[in-house]
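So the chains spell out like this:
There are 2 protein chains.
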Amino acid sequence: MASKLLVDVHTHVYLPRYASLLRSRSSVPKIVSLNNQERLVILPNETTGRPVGAQYWDRDEKLKFMDRHGIDVSVVSTANPWLDFLTPSEAHSTALELNNDLEEYCSTGPNVSQTTNLDVLKRLYGFGLLPLVPEISTESVLEAVKQIAGAPHLKGLIMGTRGLGKGLDDEALDPIWSAIEEAELVVFLHPHYGVDSSAWGEKDNGHVLPLALGFPFETTTAATRLILSGVFDRFPRLRLLLAHSGGTLPQLSSRLASCIDHDPVVATRLKHDARYYLGKLYLDAVAYGSEELGFVSDVLARAGRYEKGAHQETATVRSAGSDRMLFGTDHPFFPPLSATEKWRSVVENLDAIENVQGWSAADKDAVRGGNALSLFKLGSKA
Amino acid sequence: MASKLLVDVHTHVYLPRYASLLRSRSSVPKIVSLNNQERLVILPNETTGRPVGAQYWDRDEKLKFMDRHGIDVSVVSTANPWLDFLTPSEAHSTALELNNDLEEYCSTGPNVSQTTNLDVLKRLYGFGLLPLVPEISTESVLEAVKQIAGAPHLKGLIMGTRGLGKGLDDEALDPIWSAIEEAELVVFLHPHYGVDSSAWGEKDNGHVLPLALGFPFETTTAATRLILSGVFDRFPRLRLLLAHSGGTLPQLSSRLASCIDHDPVVATRLKHDARYYLGKLYLDAVAYGSEELGFVSDVLARAGRYEKGAHQETATVRSAGSDRMLFGTDHPFFPPLSATEKWRSVVENLDAIENVQGWSAADKDAVRGGNALSLFKLGSKA
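In the order they appear, the protein sequences are chains A and B. Residue 1 is where the first sequence starts when you use UniProt numbering, and the numbers rise one by one after that. Residue 1 is where the second sequence starts when you use UniProt numbering, and the numbers rise one by one after that.
One chain only, chain A, in its complex shape:
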């Protein structure tokens, strides 16, 4: 039965404490009231934002959404921009409080079922938060890593791309990567800032350009800088889950490898071809199309060919990449524009999994749930 569970690894919450914090603010990120409707304004250069309501903070609404879409388990994470806008001491105390809140949100929630052969499986697990802001002490961050590692229902942490202000290729993060690796926590890497908004031009295209392009560009840049910094050579057991199927890193990975090979500054820096490191990643299946998912699976499957000394001619099988891909919804974002029984965005992502050419029924089941159970060690006997 466990192999048929539907597990959502990309689903967000603004915990009540966090929503209150956003309501108290007068600059972005903030929640404002406009004509009796609360609106969330979080993106750089955003003006009126988007309507928000109970879907964003109420656990009952999350469970209703899960029920409606047949989702058994959600691994919930605070949505962007996390704690990026706080001072070091505010970020530190808020991280610890929100991690406690999220542990309680999960632990006091329902169980999946008493009838599985699994140990007790909850319906809600969480990604905690680290106080990653400029000028915070390493000790403060490590305290939060330790707290998360000790919280039974927190299975990892969500992280933006700014690190301590200089990005994720900053060596100052090495003790933090080391502690995360040691604690076997999964890092969920998620975008927020996109790219400079001058790229989007003057036309009003709503949120399309920052969301459809900016978000994936940011994730791609962060992951590429991580690869170039040698983090995966130094911390080979680090488990990173990239949002939105890795942004555009899969499509650019051979170009990246070629650019590295042709640039004297970096040509000999890394242990392996850049494409090897993609095989160390986990990617959510939030790409809205089956051709996209099939390609991502190809790129994960081929990674072993690019280990130093491997035979690059070896043919690879798409199916082999599916065990690092995991269903997600991006709830409560991407709500339908008009009322529907099921959210179109969720149906699209489920259909995409079902229709990947070259994936077996078992592969699809694994992407829908089994891979998440393994990655997060959910429901296994203590």
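Because the hints were derived from the structure by calculation, they are not lab data. Careful, some of the hints might be misleading.
Restraint-style ranges between C-beta atoms, simulated for each label pair [what the hints assert, rightly or not]:
(1) T108/A with R269/B: 44 to 54 angstroms
(2) S319/B with G304/A: 22 to 32 angstroms
(3) D58/A with A183/B: 55 to 65 angstroms
(4) V347/B with P152/A: 46 to 56 angstroms
(5) V347/B with S137/A: 47 to 57 angstroms
Just so you know, even glycine gets a beta-carbon here, dropped at the ideal spot from N, CA and C.
Keeping the supplied structure of chain A fixed, place chain B upon it in accordance with the hints.
Then chain B, alone, in the frame of chain A:
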């Protein structure tokens, strides 16, 4: 025999007149001398640039490169940043002069062979230039379109992403798109600016981030803004060739479609699902990996499913997308770091084509040359 020709559609030149212009400048873009070595400095925020020599301007060097790699025909284009840095009157006169220079570069060059059943086929054809700079008159640009259309060996034009200063989604370009469509010229859309360099962080990674990521991000953004502006609805016969296999547009196209569907500002603007418009594009095969090319072919093949009113369930065959993909080298960029018989970057792109799963031998021949002969109507009887 024509079906076995190797045709390079992505290959650049700095014509002698253009190289002289760059040598005369004291700000980027420029060619400087450093220790008796000329260096090209063209990227925003670039300092020392890269070494340049005869490969960049000498036609004999282009032909030697072609001979060494078995390339029968090259469709040559001026490299970035074209005329972007000139005043309107300078851009106008320089475009006309460079178009004449390029026509002569091609027309006075060698023929492929006397033994084919084609009409005379030259080894060199060209993409001309338009004086697309802020505040230029539409008439000046249309004059260059007309010049190119009348030049027997110029088969299209290369274009950056800034248009008249506001990007390619500017309605002021409509008369120009119309004239290009009418003249059946191919627009080769090529990046130069990337994204704001703050995205790359503080580490020295050579040119890797702006080239591997920034270039494709820029192309993706420009093509997406074109789609959103409705240009392909207004000019359905416009033929656009995107550099670097479309950047990241293929991997983001389903996300783009979903973001459009979920955004009240744009949800009802376009005639078709965003993925439909990818099927109107031509993409070079400069992606350095066979999985990438196969995926791009999938995305082109599926486009018809997304025409309004089409049955989206119809299965598509990868092979069907190959007829809009065309071999390229990006010469003289991506030179090998140490001397080799053949350039690694060229071998990678040829191997990638050869190894695409699901492409027939005929598909591969077409991508290597046949598609270019058709697109540019090369060698056909007058």
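22 to 32 angstroms was suggested as the range; check whether the CB atoms of S319/B and G304/A agree with it. holds, 27 angstroms
Take a look at whether the Cβ-Cβ distance between V347/B and S137/A falls inside 47 to 57 angstroms. holds, 50 angstroms
I want to verify a distance hint. Is the separation of the beta carbons of T108/A and R269/B within 44 to 54 angstroms? holds, 45 angstroms
So does V347/B sit 46 to 56 angstroms from P152/A, Cβ to Cβ? holds, 53 angstroms
A183/B and D58/A - C-beta distance against the hinted 55 to 65 angstroms: holds, 59 angstroms
Going down the numbered hints, you'll see the structure goes against none, and every one checks out.
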